[in-house]
Structure formats: C-alpha cells, structure tokens
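So the protein lines, in turn, are chains C and Z.
Read in order, the letters of the first sequence are residues 1 to 446 in my numbering.
Read in order, the letters of the second sequence are residues 1 to 104 in my numbering.
Just so you know, these hints were derived from the structure itself, not from any lab.
In this text, all values refer to a predicted model and were calculated from it rather than measured experimentally.
Misleading hints may appear alongside valid ones.
Calculated pairs, SDA-like style, for lysine to any residue (alpha carbon to alpha carbon, straight line, at most 20 angstroms) [to be verified]:
hint, chain 1, residue 1, chain 2, residue 2
1, C, Lys59, C, Arg366
2, C, Lys332, Z, Asp25
3, C, Lys59, Z, Arg94
Single-letter residue listing:
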Amino acid sequence: MTRSLDKTVADRPAGFERAAFDAFLETRDEPGWITDLRRKAFALYTERLAAPLDPEEFKRVDLRAFRPGDYRLSPPAAPSNSSAEFATLLADRAKFAGSVAHVDGSGTLAVLDEKLASQGVLFGDLTSLVRDHRAALEPHLMTRAVRPSTDRFSAWHAAFWTGGTVLYVPRNVQIDEPLHSLIGLSQSQGADLSHTLVVLEEGSSATLLEETASADANATGLHVGAVELLIGPEAALRYVQLQNWNPRTYHFAHQAGHVDRNGKLQWTVGGLGSRLAHIHQHVSLDGQGAEAQVNGVTFATDRQLISYYTQQTHNAPNTTSDLLYKEVLRDKARVVWRGMIKVEKAAQKTDGYQRSDALMLSPTCRCDSIPGLEILADDVRCTHGATAGRVDEEQIFYCMCRGLSRFEAMHLIVEGFFRTVYDRIPVEAVRETLSRTVERKLGIGR
Amino acid sequence: MSDFEQIATVDELPPGGRKPVVIDDTPALLLRVGDNFYAIEDVCTHDGQPLTDGPLTGCEITCPRHGARFDVRTGKPLCMPATEPVQTFEIQVRDKAVFARPRA
Chain C
1 MTRSLDKTVA DRPAGFERAA FDAFLETRDE PGWITDLRRK AFALYTERLA APLDPEEFKR
61 VDLRAFRPGD YRLSPPAAPS NSSAEFATLL ADRAKFAGSV AHVDGSGTLA VLDEKLASQG
121 VLFGDLTSLV RDHRAALEPH LMTRAVRPST DRFSAWHAAF WTGGTVLYVP RNVQIDEPLH
181 SLIGLSQSQG ADLSHTLVVL EEGSSATLLE ETASADANAT GLHVGAVELL IGPEAALRYV
241 QLQNWNPRTY HFAHQAGHVD RNGKLQWTVG GLGSRLAHIH QHVSLDGQGA EAQVNGVTFA
301 TDRQLISYYT QQTHNAPNTT SDLLYKEVLR DKARVVWRGM IKVEKAAQKT DGYQRSDALM
361 LSPTCRCDSI PGLEILADDV RCTHGATAGR VDEEQIFYCM CRGLSRFEAM HLIVEGFFRT
421 VYDRIPVEAV RETLSRTVER KLGIGR
Chain Z
1 MSDFEQIATV DELPPGGRKP VVIDDTPALL LRVGDNFYAI EDVCTHDGQP LTDGPLTGCE
61 ITCPRHGARF DVRTGKPLCM PATEPVQTFE IQVRDKAVFA RPRA
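Build out the structure end to end from the sequences listed, making use of the hints.
Below, the structure written as structure tokens:
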C-alpha cells in the first residue's frame, strides 16, 4: 500500500509512544502545570496500554485493523492549514455570535462578538485560553466530567490533547445567537485530539454548534477527543455535535455533561461519518431539578461501525433525563448502542427515559441495542426500550402506488423515521443540515 | 478494486498453520491446508466475533463459541447457527510470499 506523507509531518515520530510524546511536548509552549498534567496522563496511558481492553465493551467494537502507530500529530499551525477548504455543514447556514476552528489540531480561527467579549465571555482556542485564564478553566479541565483515569482513550487524550474549543459564560450572561465550532482534519494519517470545554456559570445560557469534517475524502485520520459540558445552577446549554468525518477516519471520544441545580442541557449528536466511531456519552444530573435531553441521529452505510455508549446518571432528587436515539443502517454497516440509566440512592423522584430505534435498510447490516437500568433509589420513574426493524415493503408499495419512485419512497420513510428526533431539535439550521446530509447519504438530492 | 497486499511468507505457516492478518482494512485469518493457502474474514457471521482460534479440520473451520462451521475455500456456512457465508479473499503465492486481496 502506498502512503502519501506531507513533508512537514513526516519528520515527526509517528504514533504515540515515548519519543512522540517528548517531541510533542517540545512543540508546546505551555505553563508548567499543564505539562505536569500531561506527564501524569502519559504515565497512565502507558499503564493502560499494557492492560487489555475491556472484553465486554470491545467485543462489539473490533479494533484489530486499527493501528495507532499509523497516525501522527501535526506541528502547531502548519501554514497550509485553513478552515476554508472544508465543505462544512453548518458554517453558512445561520448567523453566529462567534466561530472557532481547528485544523489538524491547531486553532486557525477564533472570533467572538465584541459585546459578548466585554461581558466576560470566553470563546476560543484551549491552547491559548488556558494560558491566560487559568483561574477560570483549571478547576474544570478534565477534573469533573472527563477524567484521564477512565480508560486508555481518556488517558491518551489527556496526555496528547492538541487544542480545542472553549466556551466560558459568566454569571447571568445570556447568549442568544448560536456559536460555531469546527474541528477539521486535512492531512492523511493526521491525528486530532481536540478537547471541547464548555462552562456555564449560574443563570447563564448559550448554544454551541460543533461539527467535525475531513478536507480530503480519501485521507486516513484519527480523532481521540473529549467533550466536557459543565452547566451551573439555573443555566441552560444547547449543544450540538455533528460528526461527519470521511469514511477512513477513526473516532474515539469521551463526552460528558454535568448539570447543576435547575440547570438544563439539551444535547444533540449526529453520528454520520467515520470508519469506526466509539463514543462514551455521559450526562450526569448533579443538582435538584436538573434536566437533560439527549437526541441522537446516526446513519451508517458501507462498512461503517458507529458505537455509542450512553449513560444517564441521576445523583440528585427530582431530576429528569430523556434520551432518544434514532439509527439508520445500510449495506454492511454496524451500529452499537449501549444505554444505561443509573439512579443513585439520593435521587428520589427521578424521571428517566431512554429509547433507541433502529431502521435497517438492508439485510446485511447489524444493530446491537442494549438498554439498561441500575436503580438504587425506591421512588422513581424509569422507562427504557429499544426497537429494530426492516423497512416495511407494504409502506414502499403504498408510496409507489402514489407515483413515487422506490428511492423517493425510501427517503420519505427514512425522513419520517428521523422526524420524531428532528422535532426535538430547536435549531432550524441543525434540523435542515441533518436532513440534507441524510438525503446525500441515501444517494439522492445534492 | 484493491491491489494485492503481501500478508505473509510461505515459511511462516506450516501446513495446518494460521495467521491473523489485515487485508484491505479488514481483519482476516490466513490458513494453510496442505500446500494451499486460504484467507477468510476473521468474523463469524453468526455472532460477529473472531474465528481466530477456531479448530480447523480439513477445509472446515469451527467457530470456538457456538460451533458454526465454514468451508474456508468458499466461505459457505456448513451448519447452524450460521446461515450467511463468511467473506473470502483471493490469494496469490509468488516467490515464497503470500498475497491477498478482496474478491471482485
């Protein structure tokens, strides 16, 4: 197999071994406390790498063809990097109060409405913000939501994180217009380990739309990411992440949201791209009256494997969580969804819901849906369920009788299947984008 | 259509030997039966788990978990619980080296 390597990348050690770590640290102009955290995480990573992966988790997520040594980190801000070359799904669809972009792990763009900046809102690149705003960010960075010690991938991320989008909203500041963040990969064999950190202080609100994209449809890539959403008391966050890598990218991520007293989190994920995606998505309701709504749309085709391990943890009384995933599969694609609602003893009067529906468009795809409950409190309402099924030939026949082609009929049925989750997404640009992308993947439309 | 990739040398595998490999980004199992080489996708079509350590009798490999059997020459399932064939790869042996690619 021939491999194209960019010159600026080729002279750096490949992979994520000790030599690569040392070379990586040399390129980072970072305060000592960050370097110390990285060193600790790297020791943890080395330790975890020697231990076998959890066989229960990874029996459905086959990593035998995945070789971390094939990928390498780009030097900071290689001059060819530009976010302009990405066919983004969202960037032109709405008016944004601010935009941040990362390409091959380096920040390439950071703009924020001046009015918001004067109110103390921080929105930009983690690498530079963590230097200037240590007091605001240090207590939150990989301490509460995503911990390096969770597993091999979280330790890996904590040692090598390359940058990422930070949103910090001070007390009682409301941001009405959405903010946009792009994570891109442009070079073959490139690795991105970006970290998204959102901190909403008491009574604030914001909407962040984030998307991932590859500039080159044939370039191999790797993303080992983390998302941390920390929602303070009475604060409200709407967060959308559309994963739209090319079909040769591996995507691993730990994503966690913590919601404090009467806070609200609405979290929408779109899993569309990648060769293999394995994501841990965790919402934790930590204060009385906290609410979380999780929406998932995944569409897997060809030989894609998309895996979501979701967890809803209720740590406080009177908390609500509501999760709805819709999955469409075609060709030889596989989707794994492992859902868990965990209710701690103190979390009385919890209302927890989880549901995953899968629609199989071909007989060769496979879906594993495993819902679960773990309840320690004795006065709760928890419901869960999963369905999987084929497209009903009679429905197609019905549509075709009314003059639609088979393709159009299929599209109508898929669109209708996703509709219940689209209806829960309040941002029109996101609804529209998802619908367009689904159309494209089905092979019709633009 | 992918090109042939070298996956082993002839000397690596004695008759009856096996080697887990990756062909075209797919985990596969290379098997030697007598002087013939066969490669199948290293996943049982019944439960989606590896066939790597399954016992090989003649040209039949048995899944170590539920006993499904496959013909390694054709990929055909030979007994329950498997009903779907396992993917096979095209093999070429040149100069003591074994090459493979997905079938057209």
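Does the structure keep C/Lys59 and Z/Arg94 at a Cα separation of 20 angstroms or less? violated, 35 angstroms
Would you mind confirming whether the straight-line C-alpha gap from C/Lys59 to C/Arg366 stays at or under 20 angstroms? Given that 20 angstroms is the threshold and the Cα spacing comes to 14 angstroms, the pair holds.
Between C/Lys332 and Z/Asp25, does the CA-CA distance stay at or below 20 angstroms? This hinted pair holds, its Cα atoms lying about 14 angstroms apart.
This entry does not satisfy hint 3, going by the numbered hints stated previously; all others are met.
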